[in-house]
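Participant: Hey, can you work out the whole structure from these sequences and the hints?
Chains as they are written, first to last, in the numbering used here: chain A, -19 to 777; chain B, 3 to 325.
No lab work stands behind these hints, which were simulated from the structure alone. Predicted, not measured: the structure shown is a model, and the values here were computed from it. Just so you know, nobody snuck in bad clues.
The following residues of chain B were derived to be distant from chain A, with all beta-carbon distances above 10 Å: (1) E86; (2) D88; (3) F90; (4) P111; (5) Y183.
Pairs of lysine-lysine, PhoX-like flavour, derived with a Cα cap of 25 Å: (6) A:K477 - A:K536; (7) B:K269 - A:K588; (8) B:K269 - A:K624; (9) A:K573 - B:K269; (10) A:K539 - A:K622; (11) A:K222 - A:K244; (12) A:K349 - A:K298; (13) A:K246 - A:K777; (14) A:K122 - A:K775.
We treat Cβ as the ideally placed atom computed from N, Cα and C, and that holds for glycine.
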Amino acid sequence: MDFHLCKSFFQRTFFFIILNLIVFSAAAQKITISGTVEDRTSGERLISANIYDPEVFRGVISNNYGFYSITVPAGLIRLVCSYVGFQPQNISLNLTRDTVINLLLEPVISMTEVTIRGESAKPALQSTQMSMTELTAQSIEKIPALLGEVDVLKALQLLPGVKSGTEGSSGIYVRGGGPDQNLILLDGVPVYNVNHLFGFFSVFNSDAIQTVKLITGGFPARYGGRLSSVLDIRMKDGNNKKFGVEGSIGLIASRLTVEGPIIKDKTSFIVSARRTYIDVLAQPLIRYIAKRNDQPGSTGGYYFYDFTAKVNHRFSDKSRLFLSAYAGRDKAYFTTREESGTADNNQDFGLGWGNITTALRWNYVISPKLFCNTTLTYSKYDFLTSMETEESEQDTVKSQYAFSYDSGIRDLAARIDFDWQPGPEHSVKFGYSHIFHQFRPGITVFQMDEGDLASSIDTTYGNEDINAQELDLYIEDDWQIGTRLKINAGLHGAAFKVQDSTYMSLQPRLSALFMINEKLSIKAAYTHMTQHIHLLSNSTIGLPTDLWVPSTALIKPQKSVQYALGTVCDFGNGFELSVEGYYKTMDNLIEYKEGSSFFSLTEDWEDKLEFGRGVAYGAEFLLRKTTGKTTGWIGYTLSWSKRKFDNISFGEWFPYRYDRRHDISIVLNHQFNDRIDVGATWVYGTGTAVTLPVMTYNRNVWPTLFFSTDPIRAFEGRNSYRMPAYHRLDIGINFHKEKKWGTRTWSFGAYNAYNRLNPFFMTQSQVYTANGNQYTQFKVHSLFPIIPYFTYTFKLK
Amino acid sequence: MITPMKPFLIVSVTIVLFLTGCSKVIDIKIEEEDLKIVLSGLICPDSTVIVHISRSSQVSGDYPEDTGKLEPDSMIVDPVSLYENDRFIGELQYRIKSYYELPGFKPSPGKTYRLEASSGELKPVSATVVVPEMADLTSFDTLWIPNMVTNPTIRVSMQLSDPPDQENYYALNVLRIQRYYDGQTNRFTDSIVAYGYPAKLNGKADGELELDFLDVNRDVYLDGKLFFSDQFFDGKIFHMSFDILKNSIGRMADTVLFRVNVQQVDKSYYDYAVSYQKYFSARNNPFTEPVQVYSNVTDGYGLFSAYNCARKEFVVDWTGTQE
Chain A
-19 MDFHLCKSFF QRTFFFIILN LIVFSAAAQK ITISGTVEDR TSGERLISAN IYDPEVFRGV
41 ISNNYGFYSI TVPAGLIRLV CSYVGFQPQN ISLNLTRDTV INLLLEPVIS MTEVTIRGES
101 AKPALQSTQM SMTELTAQSI EKIPALLGEV DVLKALQLLP GVKSGTEGSS GIYVRGGGPD
161 QNLILLDGVP VYNVNHLFGF FSVFNSDAIQ TVKLITGGFP ARYGGRLSSV LDIRMKDGNN
221 KKFGVEGSIG LIASRLTVEG PIIKDKTSFI VSARRTYIDV LAQPLIRYIA KRNDQPGSTG
281 GYYFYDFTAK VNHRFSDKSR LFLSAYAGRD KAYFTTREES GTADNNQDFG LGWGNITTAL
341 RWNYVISPKL FCNTTLTYSK YDFLTSMETE ESEQDTVKSQ YAFSYDSGIR DLAARIDFDW
401 QPGPEHSVKF GYSHIFHQFR PGITVFQMDE GDLASSIDTT YGNEDINAQE LDLYIEDDWQ
461 IGTRLKINAG LHGAAFKVQD STYMSLQPRL SALFMINEKL SIKAAYTHMT QHIHLLSNST
521 IGLPTDLWVP STALIKPQKS VQYALGTVCD FGNGFELSVE GYYKTMDNLI EYKEGSSFFS
581 LTEDWEDKLE FGRGVAYGAE FLLRKTTGKT TGWIGYTLSW SKRKFDNISF GEWFPYRYDR
641 RHDISIVLNH QFNDRIDVGA TWVYGTGTAV TLPVMTYNRN VWPTLFFSTD PIRAFEGRNS
701 YRMPAYHRLD IGINFHKEKK WGTRTWSFGA YNAYNRLNPF FMTQSQVYTA NGNQYTQFKV
761 HSLFPIIPYF TYTFKLK
Chain B
3 MITPMKPFLI VSVTIVLFLT GCSKVIDIKI EEEDLKIVLS GLICPDSTVI VHISRSSQVS
63 GDYPEDTGKL EPDSMIVDPV SLYENDRFIG ELQYRIKSYY ELPGFKPSPG KTYRLEASSG
123 ELKPVSATVV VPEMADLTSF DTLWIPNMVT NPTIRVSMQL SDPPDQENYY ALNVLRIQRY
183 YDGQTNRFTD SIVAYGYPAK LNGKADGELE LDFLDVNRDV YLDGKLFFSD QFFDGKIFHM
243 SFDILKNSIG RMADTVLFRV NVQQVDKSYY DYAVSYQKYF SARNNPFTEP VQVYSNVTDG
303 YGLFSAYNCA RKEFVVDWTG TQE
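Facilitator: Spelled out as structure tokens, the structure:
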């Protein structure tokens, strides 16, 4: 061997090894950049803002408190931060150690700027989270609304996979699930009844809302307790830079929002209120009717209100405290006063329901890689109906009767959540929560006093309160594997203790993303969910008489398994298409027994129930245009949803009441300029499934002494008849004008612009003909014809 | 800043008044379904097989003209066939008012009977039932209640032995029989003058708690009978008792014949009674869940079922008792 050749070989090898060590060493140097993303003008933290490093093709999103953390190689760093409605921010820095960078984004002043800039990153394309949609308050306000009342849930009903119930209802039915299978969170606190005016409006005041996130599948492990969806609504924190006032005056309700700093850049507040004045407007009409019926003292009405408040204080860049509260109520009342000579008869009837929620929250950044949130919450929902009658003679009370029915649910909860970035490829979340539930399935109080002790009654009967505890633990990891594959794997554990029963479950969650190229990705998800509380709902009526009840020794927790597969494609120029298919099984569902009634007081509520299962499957298509002067989306869902109960419909599979084969929504907005924009919405849905008799026949059973003259009405199975299809066009136009004092907007529009008589409910009656025969006549009642609206909105500078 | 409120209020009130009257009604026509044959019959070993056959009517059709009676004389009805354990027994003959009978044949306990009927226009139907064994009454006793002076009372006590390891269903009723004498024929004939179930039936199985048959969640009443299952006394002796109060049954002769029927019924009859009771209670109430009346007729409606009856008779002499 030639010595020089050997020496050269070893020198080259040594040099190569040293070089690789140096490179490897440099590559192994990672740094963590963390901080918050805020609105520069108001100090509001921006949720789900996208922070992306184009050098290493890695990105993160800010959490529910605007905090982000990203681990990247040391050296020249490029970060791009973007958020809808804000100008993207580009940062280039040379960093060699962990650094806190608070990103302040500038809101877009003119919509035309959005046209030019477009979106700089594609969160949906690159996120493992599938079946999720995020809406901002601004996008919700552009959608034409019933009576001009902008509504969060109504906007969500326009998305594929999300169905509305009946006409005007704000309930949501997601992927074949019931209305109780949606976890609706307001700043992390569950809200149990989200309906005003019997479901025509939701309880959420859009002026106080910052973001709305709806997840319908592929649930990450941090969420639990419901089978079908998670609706995470976050309130604004309040402008910590300057005071602001905005409000609107509409046809039936007005709202006002006031926000501002208590200590500039440290403490801020926001207070928002809304009330309807239907009762005030209708008083002259009600008095006129009462007078015509010789009941001059009679009156009645209906009203609802919302009140939302939040205060937050920043102790330091690491520590922040929030206190938020919501109170809302609906009340219908009716009073009659009859006078006949010296005798008086007075009756008072009331029906009311409402929610109260409060949350105390503390954020703390433990380290650049570890963020902690601790929350204490209280939530209360109650429903009360009452009636009092008093008869008096010559100012002396002769008799009094009083009846009241009260039901509801109360929760007290503590929760702690951690966001941890152990490395560049992993983003871990874990946490624990403990909830104390108190259920009141229904208590009736009856009092009677007829002037003597012998006939006095004061009794309380019904269902006892039920206390329960729910514990949840979770851990999930968003794991980037290479440049194309990303997995979110997690486990959610739950324990529910009620009376003498304890239910435990382990719920695996898995979702995966594969980037085929920068414009096309495929996603898949597999999730187990368990739900320990149930909503007993009468299928024939939609009043707030629905009861929240817990799992018990007799009633097992509901369970579901969902498989989903989808793809997201970015066509460029703001066009994006997502296609998803899903298959979901549900077990331990509950329904009222055949012949049972909510109003039946002789039965305990558990004895009115049947237990069964369900299956739902379908495909959802969503084509969106997110940039330019014209934006919007077209959504289409093809789906099936069925139920099976041993003692309902003879144990055969039957369609779920809200099984809707085809569901189409088209939402369009066009911005002419900064002063004028128009919007239109068209929806179509297959008719609701109802139970209708199709045949009659006689009972003539031999031998018997009893012959029934009433024919039996036969049904071809539960929910075998389809109401006529539902479709509707809404249009609206907004005129904005800058004034010295601020901005004003006049909004005009029409709900149901082509006056389609959509079915609301169906009735049947016996009609007698001239020859003595009778037949059954069916009528479909339609509620809303074309309804024009106008609203005045103002925002003070 | 804000425009004058008066015109806004006027417009608002107008629109609210408009909205209060905006509910509209649309007449709709329900698509007609194919009519079906309706079978109605209960068979027992004590009598021949008699079945009522009719057809259903469109729910939106005229009634009573469209009463669902098949026209017997026009021979629309094809043979109504009866099979015993899959062996053809015979064809039921038209009797009167849509009743069909197989004369000279009485079913036997423990055997399976299948009825098939068809009409040229309607889809053929069939129904299958097993005739139960006779209810095993191991004891029957009556007793005066002496302290019921103002309202004479007879207490009837029975013991029912329930076969183990199988689901059994029962129906109970009490008949008051009036015996008439026909002077011309010199014969007595019995006529049922009252028919019903006991207002209060007490029951107790060996080793079990006493049951009070006033539990609306458990007890089923149909056609004057009280139906119950053996879920609380499976395989045991079931002790039952009820009272007959003289004043509760209306005017009676001094001497009265009572007949107590304890029927063991097929499950289909029990299911039918359960569903019909729910249906009847809920039929005009918009706040109740819809109820489908049970039918064991394939491709049709109605009920073809069976029972086997154990009877006990006793005579009560009210003479000397006070009203």
